[in-house]
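Colleague: Chain residues, written in single-letter form:
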Amino acid sequence: MAKSELFGKDLICSQDWRRPELDEILELAKKMKEKRFSPEYTSLLKDRTFFMFFYNPSVRTRQSFECAATELGGHAQFLEPKTMRLKTAKSAGETTEDAAKVMSRYACGLGIRILEDKISAYGQGDALLREYAKYASIPVVSMAHDKFHPCQGLADIMGIEEHLGEDLKGKKILITWAHGALARSLCSVQEAALLASRYGMDVTIAHPEGYDLDAEVMDVVGKNCAENGAKFEITNDVKEGYRGAHVVYSRNWMSPNAYHGGEFHKQEEIEKALRYTDWICDAEKMKLSENALFTHPMPIDRGHEVTDEVASGPRSIIYDVAENRLHVQKAIMALTMSEKLNK
Amino acid sequence: MAKSELFGKDLICSQDWRRPELDEILELAKKMKEKRFSPEYTSLLKDRTFFMFFYNPSVRTRQSFECAATELGGHAQFLEPKTMRLKTAKSAGETTEDAAKVMSRYACGLGIRILEDKISAYGQGDALLREYAKYASIPVVSMAHDKFHPCQGLADIMGIEEHLGEDLKGKKILITWAHGALARSLCSVQEAALLASRYGMDVTIAHPEGYDLDAEVMDVVGKNCAENGAKFEITNDVKEGYRGAHVVYSRNWMSPNAYHGGEFHKQEEIEKALRYTDWICDAEKMKLSENALFTHPMPIDRGHEVTDEVASGPRSIIYDVAENRLHVQKAIMALTMSEKLNK
Amino acid sequence: MAKSELFGKDLICSQDWRRPELDEILELAKKMKEKRFSPEYTSLLKDRTFFMFFYNPSVRTRQSFECAATELGGHAQFLEPKTMRLKTAKSAGETTEDAAKVMSRYACGLGIRILEDKISAYGQGDALLREYAKYASIPVVSMAHDKFHPCQGLADIMGIEEHLGEDLKGKKILITWAHGALARSLCSVQEAALLASRYGMDVTIAHPEGYDLDAEVMDVVGKNCAENGAKFEITNDVKEGYRGAHVVYSRNWMSPNAYHGGEFHKQEEIEKALRYTDWICDAEKMKLSENALFTHPMPIDRGHEVTDEVASGPRSIIYDVAENRLHVQKAIMALTMSEKLNK
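Residue numbers (our numbering), protein chains in the order written: chain R, 1 to 343; chain A, 1 to 343; chain V, 1 to 343.
Watch out, some of these pointers could steer you wrong.
One copy or any two copies: either way a pair holds, since identical chains are not told apart in the list.
The calculated lysine to aspartate or glutamate pairs, modelled on DMTMM-like cross-linking and capped at a C-alpha distance of 20 Å, are [stated by the list, open to error]:
{"no.": "1", "residue 1": "K101", "residue 2": "E162"}
{"no.": "2", "residue 1": "K340", "residue 2": "E40"}
{"no.": "3", "residue 1": "K9", "residue 2": "E339"}
{"no.": "4", "residue 1": "K82", "residue 2": "D117"}
{"no.": "5", "residue 1": "K101", "residue 2": "D320"}
It should be emphasised that the hints constitute simulated quantities derived from the structure, not laboratory data. All of these numbers come straight from a predicted model, not from anything done at the bench.
From just these sequences and the hints, can you work out the full model?
Modeller: Laid out in structure tokens, this is it:
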């Protein structure tokens, strides 16, 4: 393959990257999906170590990142900072500088996941990733943090392109809040909005009053849409956004009040969210759309976020998108961490 | 090697498989033991991921499965479902269907271990494995569950054949309950009885009153013996079964009362079991046998299940059987999961 | 490479090894640092498993050992004995003999880390490692235990030689106690003293009254110095030892009273240590030295053990030493565990 200029680059939010750089990831991810175990790819990280820092546990992220490293010939170490006496927003210990500098001597890359109860205010996770990135000489990749989830966002776009074609201009995505028992982070939906708007889609965000997403992120989404001549809307109507949608993304997220008094109030958020029983993606609402695809970053809280009928229906692309996490992450790791693609 | 028809097959209980299929595993396991790191074998799962789901922790199973994947060129991911918000008999979360379908996109196989306190009634573990198997498009392998432990059973038979020769007809195995402080699952002993009876051995099960094994499983053992013209006996006498035995397998197991009121009563079981101080395999009882081999699936509760004199004596095959876990599991993984053996 | 005689050898303390054996490790570690991913090295443990037993968690040790196995083509299994029902000084379970004998059938080597609160008296960790070594037929390597930390000691010497040259005779190392909030084990500093004295350095140990190191170990350090015609001093003066020092190693350690009544009194130790606010390595004290290098086994308790000015200053070699852990451990694993270097 040709030399890439992505070597050594951090990936904390897709918005930090130029569009051709994102395209390069998607292009390689698609090739890797086609020829999954081709020798062209299986030694790109041979004998190399990728560190995975899980401040919070995970289903898919652990599985897909560890698989990705294995399929590139390397190894992902599963590390839980709670046993490591590392500094976080909530605990004392070794400085991020020392940790990052030593890890840079051992590994080819560092993934970090930090969400919900491991921080005491929205934004602290993003700040921690950027602090690691400042001191590390190896790429730092978000494995989901309080603000962004670039790997999920790229997997979403890849799945949408697979089903709607590569030109997404004029296609509309509805990203809608849903009720649920999990008080979920904003990272996946914010990243989805950023990437859909980068790729030219019309974007509608729907949520009840009191569930605004990060205003700064919404500003960027608006600007992205404007640059592409696409529409951007935010609505509090549970049905309106479905009209004309080609893709529906329904997911619970926490309110801006989730953090107060220096703590994450999970139970309070869950009780509040469960009152909005209308906010579920179901077949009736989907009928308003343009035969929309249904997507979700999984794991799904079925019966709250979406009905079984829709989630398991013929227009659901959830398993394809989940699979794409693997391919996208392989492409990211290969292009930012493999010396073989850069020599 | 020749094409195998085992590709894609689940292994939840040896009884689900035909005898020639079991023979194929044992034959390959023996070859793999002889030529452990032969290039013929070390790339059979190259760059592939095997998921290990440990609802319950383990000593040997973790070590031997993770080694097995490594020696086939692949990687076993150690996953603890307790941090994964997955559905079990005792907790809500992502449906088994969703979990199984996504994992099938990432991995070449899925091992599951679920025992004792992670279920609330005998049989729930088996049901969970069969539910995963229903939805997964990759093989599901039991790494020990409440009813069966096929990998242990195959390692037992392999060890017995190594020491007694491949024709086991006319040879007698005594599977005897022992007192102990662990309230152990029925899975190993039930699987041992099933496999010994499949391979033509006379089978005697000995236990105090109140420690019956699963009646349905005992029926199958009886039928297996009948088909082979072999004897099958169940006795409550602590000594009788030793007479004429060529193999003695002494191990504690819980009583049918272990689960009641929707809970596993470990302490109650242990106190009850410890009263049967006669039920230990010792040199005196072994003298009644035909110079029997001693076996046990390990870890051993020495001083309760067996004396040191017997466990460490010249007729003990415990370490050979423990080693066989590795070879048997490599053979199972290779034959059910390697595309290279099937193209 | 030529045949090594180190195959199969345990490494519990550097003092158990002859000087040419230690030299062989350092020589290979330096070559491996120069040509890190050379094919000469990357298949030395191909498809082999190394078991890591972490009775206590760790930052660097986990990262560096798991990387080391990966870079040699093998795999390090991360095992936590707390979930394994294994015998320790504090818990019942499977005997060390059984555990060690079975693991010897699966793996090429076994690393063990046991410190602080996992033992109830100084010396129990060392005894446990030697018991594993007695029964295992594979090499047992200390990954830090209550008495010694040979991998850290070798990484220290390698780092010192990189900066001061390979002839360390006439060079002085100050190993000084520091106050701090961690009640640290004696293992790193005792190993540093043993190795510095083996390699011909003048050794000064400084600590407040009541913080004596193990008297038997100090005797050996004294004998090592005498054999090399080097000086050995122990002082209670916080400054004196800095004079003439070429290397300063400042680190907290627990007092001999840390264990009493069969328990580890961490909080008591921390409170006592924090009173000695003078005992910090700072720029003023460093001025007394011969422009000394600063070293520390990391993670550092900055502000207690050393000031940021010194730890991040131009004479600090902490990151180089931390990196050397990887290379030293690769060399140890290769020479003691690789059949390829011995056939």
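Colleague: If you test the structure against every hint from before, which numbers come out violated?
Modeller: none
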